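K.L.:
For reference, the chains in residue letters:
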Amino acid sequence: MAKTYQRPQALSEEHTHYCPGCTHGVIHRLIAEVIDELGIRGRTVGIAPVGCAVLAYNYFTFDFQEAAHGRAPAMATGIKRVRPDLIVFTYQGDGDLASIGMGEIIHAANRGEKFTTIFVNNAVYGMTGGQMAPTTMPNQRTTTSPLGRDVGQCGMPIKMAELLSSLMTPGYITRQTVIRPKYIVKAKKAIRAAFTYQMENRCFSFVELVSTCPTNWGMTPLEAVKWAEEVMLPYYRLGDFKTPV
Amino acid sequence: MRRNGGKALSQKVLMKGNEAIGEAAIRAGCLNYFAYPITPQSEIAEYLSRRMPEVGGVFLQGESEVAVSYMMFGAAACGARIFTTSSSPGISLMSEGISYIAGAQCPAVFVNIMRGGPGLGGILPSQADYFQATKGGGHGDYRLLVMAPASVQEAVEMVMQAFPLAEKYRNPVMILGDGLIGQMMEPVQFPDHLKTEPSNKDDWATNGMDTRKSTKRNLVKTLYLDPDALNQHNLTLKAKYDRMKQQEVRYRPYNLDSEYRVLIVSYGTMSRVCRTAIDNLKEEGFEAGMIRPQTLFPFPEKAIDEAASKPSCKRVFSIEMSMGQMVEDVERSVRGKRPVLFYGKCGGEVPTPEEIMDVVRSGNHSA
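Residue numbers (the working numbering), protein chains in the order written: chain A, 1 to 245; chain B, 1 to 367.
What the hints contain is simulated information worked out from the structure, not anything from laboratory work. All figures in this text were calculated on a predicted structure; none of them were measured in a lab. Beta carbons: idealized from backbone N, C-alpha and C, even for Gly. Where hints are given, some of them may not hold.
Stretch-level coverage of chain B by chain A, calculated; a stretch enters the list once three of its residues show a Cβ under 8 Å from a Cβ in chain A [stated by the list, open to error]:
hint, region
1, 50–64
2, 77–87
3, 95–109
4, 201–213
5, 219–232
Just need the whole structure built from these sequences, with the hints factored in.
P.N.:
Printed below as a string of structure tokens:
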């Protein structure tokens, strides 16, 4: 009998350290499937962020670098400039990318660096213990906004996909989610498109993925999915914001 | 002078320090340069923005010194020979990345054309980043191999030596020059192009498994959550720095054959003024000797200790364009055998030979 489903070669056999209900595992698998399908494992370099996914390199089977907080796009720039033949992606959370790494991501996108960013937006700092992020929703309680995010003090959540789409340099900017199977299929298509654009040396590509963090949201995995759908998705609209001409 | 012609540069040419430093990197086989403009070294970026395209190299102006240090990290981690240049406030911003590069054991070459500080300070020559360069700068237990040129010619030679050293130790090397080294024009003769390539990079570099025809993936990282593993990692780094101390100490003696009464320790531009002062004092019948460290880390402790121990030597002076930084290493080297005094100035005004003659003769000092 033929195997119809198996572990992608790009994914290692390590058990992940992620919490129950966390979406990192799904996203890792999608990336690994795409890398296998495109046959690029031998020339791919991933860049892990600071945050829960700092250990992402344990779960993949190709070359990896580990960045400092927010600096992954600068590292990816360095690699692509000296080795344009390598396929490079950064894997970043919302604290990493939208707060401390805002400068690096905007300038890399604006230069049109030919790498791919997978941006996991779960509206909270994960590994440091659930602090408020630039993407935290209005009134959302976190360990540093115990009364809920006060938009009068902290402003409104930053919509990274929209912000990057305002740049004039061509790029592929999309927002998807992995909170239900019907969305996962689309998310994989987007990840595949992002890597394909890079392989064609066409543009910077950015896939934002609305995700859940049951642990730091103080919810069960099912409640978290419901909250993401009801609170995050109306604000973080899904779809393509920019596609290369 | 033809700036860009390889032929013209094989002879002695008159060249500004900053441009010569840029050319030296190309001759060292470094075709990747990331940088952010800052006075007094922006001419290096301007020069290389013209030169790199001519030699098929990479020139990229980053959005900040922070970003540049990570462009360096990413590129170094895939085995490329890389280079950046900056000046004091910019080096502070790069220090975060330098800590990561040192922790991840990647080769990289940084040039600091020092200006006065703290903060924005000024744009004139200074040696006030000695502590930053030799004692850390960024966080964690790491060291840079630090070389201090005293002329444009020496800056060129040190830049060309820096790349093989960075690769030998898989560690960042810093060329610590002051604004004068960058800004002045001097005759310079370029050595032949460097032929060496990093030999062992396939063992560690994230250059793609296909590139090295391997099924084993490489990982470049600095996180060690296990205390034993982190301790072991730091011991590995320390062993490397100890090897540097044994193998890479460089210095130049001056007038040490004489029966000198004062031993001067001085580096970079400051040491040239001291040399003039020593020559003038000799004509007056006052003998002073000098050790000029060419490497600031590792520091020529033994040579200074020996020179200070000469019976004729009554005291030791550390003369710097700072408020007294290297003097701590000089004290450490002399180990109390002789009084160690300090003379220095900050702000960009270089002490004159007459000032140095006065303090050396009288033993007066400002520290």
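K.L.:
If a hint holds in the structure, say so; if it does not, say that too.
P.N.:
Now the hints, each set against the structure:
Look at the region 50–64 of chain B against chain A: 5 of its residues bring a Cβ nearer than 8 Å to a Cβ of that chain, three or more, so the hint holds. Restraint check on the region 77–87 of chain B versus chain A: 4 residues with Cβ-Cβ distances below 8 Å, three needed, restraint holds. Evaluation of the coverage hint for the region 95–109 of chain B: fulfilled, as 4 residues show C-beta separations to chain A shorter than 8 Å, against a requirement of three. Counting residues of the region 201–213 of chain B whose CB falls under 8 Å from any CB of chain A gives 6; the rule of at least 3 is met.
With 5 residues having a Cβ less than 8 Å from any Cβ of chain A, the region 219–232 of chain B passes the three-residue criterion, so the hint holds.
Taken one by one, the earlier hints all hold for this structure without exception.
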